[in-house]
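J.: Residue numbers (the numbering used here), protein chains in the order written: chain A, 1 to 723; chain B, 1001 to 1331.
A portion of the hints provided could be inaccurate.
[To be verified] In the DSS-like style, the derived pairs of lysine-lysine whose C-alpha atoms are separated by at most 25 Å in a straight line are: (1) A:Lys716 with A:Lys396; (2) A:Lys35 with A:Lys88; (3) A:Lys368 with A:Lys396; (4) A:Lys368 with A:Lys394; (5) A:Lys394 with A:Lys593; (6) A:Lys715 with B:Lys1306; (7) A:Lys368 with A:Lys283; (8) A:Lys715 with B:Lys1040; (9) A:Lys87 with A:Lys76; (10) B:Lys1306 with A:Lys135; (11) A:Lys716 with B:Lys1022; (12) A:Lys368 with A:Lys666.
[As the list claims (entries may be wrong)] Short derived list, chain A residues pointing at chain B, Cβ under 7 Å: (13) Asp632; (14) Val634; (15) Gly650; (16) Leu710.
[Unchecked claim] Derived DEER-like restraints, expressed as beta-carbon distance ranges: (17) B:Gly1129 with A:Asp153: 54 to 64 Å; (18) A:Glu123 with B:Arg1138: 18 to 28 Å; (19) A:Pro407 with B:Gly1254: 24 to 34 Å.
In short, the hints are calculated from the structure, not lab data. Glycine included, each C-beta is placed from N, C-alpha and C at the ideal position.
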Amino acid sequence: MAERNRVEVAEYKWPEPERRRLIGTRVSRVDGPEKVTGRAKYTYDVNRPGMLAGKILRCPHAHARIVRLDTSAAEKMPGVRAVLPLKKVGDEILWAGDEVVAVAAVDEPTAEDAIRAIVVEYEKLPHYVLDTDPKAAGERARPTAEQIEGDPDAAFREAEVVVEGVYGMPLITHCCLEAHGSVVEWEGENQVLVHISTQAVSGIAGQMAGPLGVPASNIRVKQDHIGGGFGSKFSPDSWGIAAARLSKMAGGRPVKIMLERDAELMVAGARPSYYGRVRVGAKRDGTVIAWESETWGTGGIPPTSALPLPYVLRIPNQRKRHIAIVTNSGPARAWRAPLHPQACLLTMAALDDLAAELRMDPLDLLLKNIGLAGERADVYREELQIAAELMEWKKKWHPRGDPSPGPIKRGLGVSIHTWPGRGHACRCDLTIYPDGSVEVKLGSQDLGTGTRTAIAIVVADTLGLPLDAVRVRIGDNQYPPAGGSGGSTTIGGVSSAARRAALDALDQMFARVAPLLNAAPEQLEAWEGRIRVKGDPSRSIAWEQACARLNGMPLTVRGENPGPGELTTAGAAGVQMADVSVDIETGIVRINKMVAVQDCGLIINMKTAESQCYGGMIMGISYALFEEKILDPVTGRMLNPNMEFYKLAGLADVGELVVHMMTGEKYDRRGVIGLGEPPVISPGAAISNAVANAIGVRVPFLPLTPDRVLDALAKKGGSHARV
Amino acid sequence: MRAFEYVSPTTKEQAVALLASKWGETEVLAGGTDLLALMKDDVVRPRRVVNIKEIAELRGISFSPRAGLRLGATATLEELLAHPDVARHYPALVQAALGITSPQIRNMGTIGGDLCQRPRCWYFRAGFGLLARDETGRSLVLEGDNRYHAILGNEGPAYFVNPSSLAPALIAYGARLRIFGPRGTREVPVERFFRIPQTEAEREYDLQPNEIVTEVLVPPPPAGMVSATYEVRHREALDWPLATASVALVLDGGRVRSARVVLGQVAPIPWPSPEAERALVGKTVTTEVAQAAADAALQKARSLGKNGYKIQLARVAVRRAIERAVQEGAR
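In isolation and in its complexed conformation, chain A is listed as follows (with noise of 0.2 Å):
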């Protein structure tokens, strides 16, 4: 019977539109009166009884070699409880800022005095921390192998039309306004309690467990809520094992480590930078047929990847060569979208270049390209067609160069993106309990993108409840476990898994109530807080009397993903557009408006899907036009670590944010796509694109700062003669 039903009623699909209450709709977060009333609760915010202050001394050399290491005058000092070195003697630092000694004492003034009075003598060795020129990088350039597809050669031969240009973005950092951090307390006898920032709360025990040699069962993981990751908090890092460490060697007491400022920026996340030299072969028609890069870039010490190029459009004949540069500059971590961003910029603006050379409106020149993007060429092009009316791109574009007088010129740009975004490995329980209370449980965390509302947005549904009858509980490693939030897999992983766990547990409801209604199991639905059967409503049960039916006995159910059905599938596309006006008297850039249109298949929750949005745009903006880990060559040092010269975008700096969602039955049959990193891949392009299309001359390099682009009117030979 129960078999039977789980084939019949719950087929693991979406509910079809005329079934669905709340997903889809805009829904605000279940979190949010919490988080606006300050009753949110962050692990900065956690501070347990007896509580000890960590503080890490860093190395202020960019490379060099300790020859002296003396922590004993700081283990002496009052109010010092642990002082656990982190390197030792003739260990050499690659990177300033890496992480030396780690102290543990009352308060922070005195474990910062701990820190001043620990003796280190350093060797200093030849650092390296430039990137913009491989031939300057000697054998810290390390060329991989040169890709081919097609006959590229032949293909550019056969171009009508060639255009080379070099573009590119520098490193930056992820700079979370919740610095990286935790809480860690050794409880008795190998038990380990652990508050930390992360976007991974299932997968930190199991990273923990072996520098700290203790069953990664005994290591509880818990998270409320996270002030931002971007991909920079997967792991517990060197600080997190020493808070533990500390904790453990100062007797248990919870020692807390969250970073300050200056160190969430130099060591705690950066974003590879990217350049690159490319070609681009096209027919007169506008018809790309050849494609030529050589990319160079760093992401620290470790080599950094090739690109996908050319990126979106599969361009029949390419030739593509990377150099990784090593430097000496803090390791790269994920950044929202790994690579994307940047073979987006090199792609999209070779593109936008090649249209002005063939005096074609961009737009025209993407569509006639468009089949190249392959399976998803009907997407783009009816979201490039959407995006031009919200941009009204065809009466407010013009050729190359803004024609009007004075010294404000405005221009328009576009972009395409794409992003996987398939649901991750996740598993939920569900439980009902004889009162009518429902619960799901799960190893997830809420990035800020709103996971908790999307899981109680599906489970009510499913249920035919109302939001509030949910109760999520998540941030906990005790619960299912849930995959890490990466790559935009979380919607995707959760939305699936409590599906099933809710369909699931309804089979299990039904059969209980299916004689009580004199029908069978198949032909009840659960629909505005009752269980009834289809067709006829006059035969129902309020959801509570069905819940009595559990016998006093609560009701769990596992929801898995993946799993059978197809709930979540990859493969988002997106569309953006800028509006910009550029000074050229003082290079200053500012953005009128921006479009995005993006598709992620079966929406959850409208209102968070569009925040994603908007805040991709905002993220966005301010790596096109503000942040930079600027380097620097002298003393190894980030120079700006700190966020008046880290600059991230006001709001007064974001202009008028439109955001369109891809809605209707041939998105939705896909299923969930994960959003949260498209939406930040497109902006660099677009405004570079736009930037362009204002002054008539391409700023190569983000971000957009006054310097660049004078100097890039300057080469044209143009509007602000005098520097």
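With the hints as your guide, set chain B onto chain A.
T.: This is chain B only, laid out in the frame that chain A set:
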């Protein structure tokens, strides 16, 4: 942050007595928007912090047509913006303060603090000192990244830029500072308050360690005066300007009778430009005249390698400040 002693005197005599006669031992606290960061970054390490916000006579803003404008040292930037007489008679000051696009900073930051804040040079803030030299004595600014450093007055040994938002406007209006110390009160023109330090032991302004700025006195506006500030700032949100200019012109029958042109964020001191002033006096202001004055102001500017673009920005700031003063003055 290191531990320190906190004192909160209620008279300027007490305050001065609590200040040490040697730099570094004590610090004055007004709005604290700069001091807090300096202490957290361990750039300054006072053993005592002297709060001057409880000294009543350092507060307030007043104006009279005969005496002009009096700005108490601890009056906030927000109070400056809210004062109707300031807006009416001294638009360049208001425009300069509006460039500080953070209500939090404007609510806490004070007039005196704006003048006495320390340079934002990233080598100074990283602990390499005002002159930004490494242990071998070489200038980190000249060899390193100087994209935000001085383009004027940069013969050395100092290359930072003066960060004050208000100083260029105050100098353009001919304002004076009143300073109180162990030997009583003295007055100094704002223009002469700032100095280019020649050694690491010197400060970038004319203040003894146990002196405090008590008030700023701005002369009454002469008939026919028009004035404005123009700021080139990368971000619209709170950001340090890349170049600013404040101008005060006295017009007589359409011609410039006298002119003050002062640049900010381009030199270790606010940078008055007599060259620009000479290019304006006797002329009717046109785009060409304003441009000629801007060119004259930047004639001696010099790139340190990565800050050449600031010369162009400063030139634009001067021209636009002149044009703005004349246009808005005509309304």
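J.: Now look at each hint and say whether the structure bears it out.
T.: Now the hints, each set against the structure:
1. A:Lys716 with A:Lys396: Given that 25 Å is the threshold and the Cα spacing comes to 24 Å, the pair holds.
2. A:Lys35 with A:Lys88: violated, 43 Å
3. A:Lys368 with A:Lys396: holds, 20 Å
4. A:Lys368 with A:Lys394: holds, 16 Å
5. A:Lys394 with A:Lys593: At roughly 15 Å apart (the allowed maximum being 25 Å), Lys593 (chain A) and Lys394 (chain A) satisfy the hint.
6. A:Lys715 with B:Lys1306: Holds. Lys715 (chain A) to Lys1306 (chain B) sits at ~16 Å (cutoff 25 Å).
7. A:Lys368 with A:Lys283: Within the cut-off at roughly 11 Å; holds.
8. A:Lys715 with B:Lys1040: violated, 43 Å
9. A:Lys87 with A:Lys76: This hinted pair holds, its Cα atoms lying about 20 Å apart.
10. B:Lys1306 with A:Lys135: At roughly 21 Å apart (the allowed maximum being 25 Å), Lys135 (chain A) and Lys1306 (chain B) satisfy the hint.
11. A:Lys716 with B:Lys1022: violated, 54 Å
12. A:Lys368 with A:Lys666: Within the cut-off at roughly 23 Å; holds.
13. Asp632: holds, 5 Å
14. Val634: With a closest approach of 4 Å, the Val634 (chain A) hint holds.
15. Gly650: Gly650 (chain A) check passes; min Cβ-Cβ to chain B is 2 Å, inside 7 Å.
16. Leu710: Holds, about 5 Å.
17. B:Gly1129 with A:Asp153: 54 to 64 Å: Since Gly1129 (chain B) and Asp153 (chain A) have Cβ atoms about 58 Å apart, the given range 54 to 64 Å holds.
18. A:Glu123 with B:Arg1138: 18 to 28 Å: holds, 20 Å
19. A:Pro407 with B:Gly1254: 24 to 34 Å: With a Cβ separation near 25 Å, Pro407 (chain A) and Gly1254 (chain B) satisfy 24 to 34 Å, so the hint holds.
Violation of the numbered hints given earlier is confined to hints 2, 8, 11; the remaining hints are satisfied by the structure.
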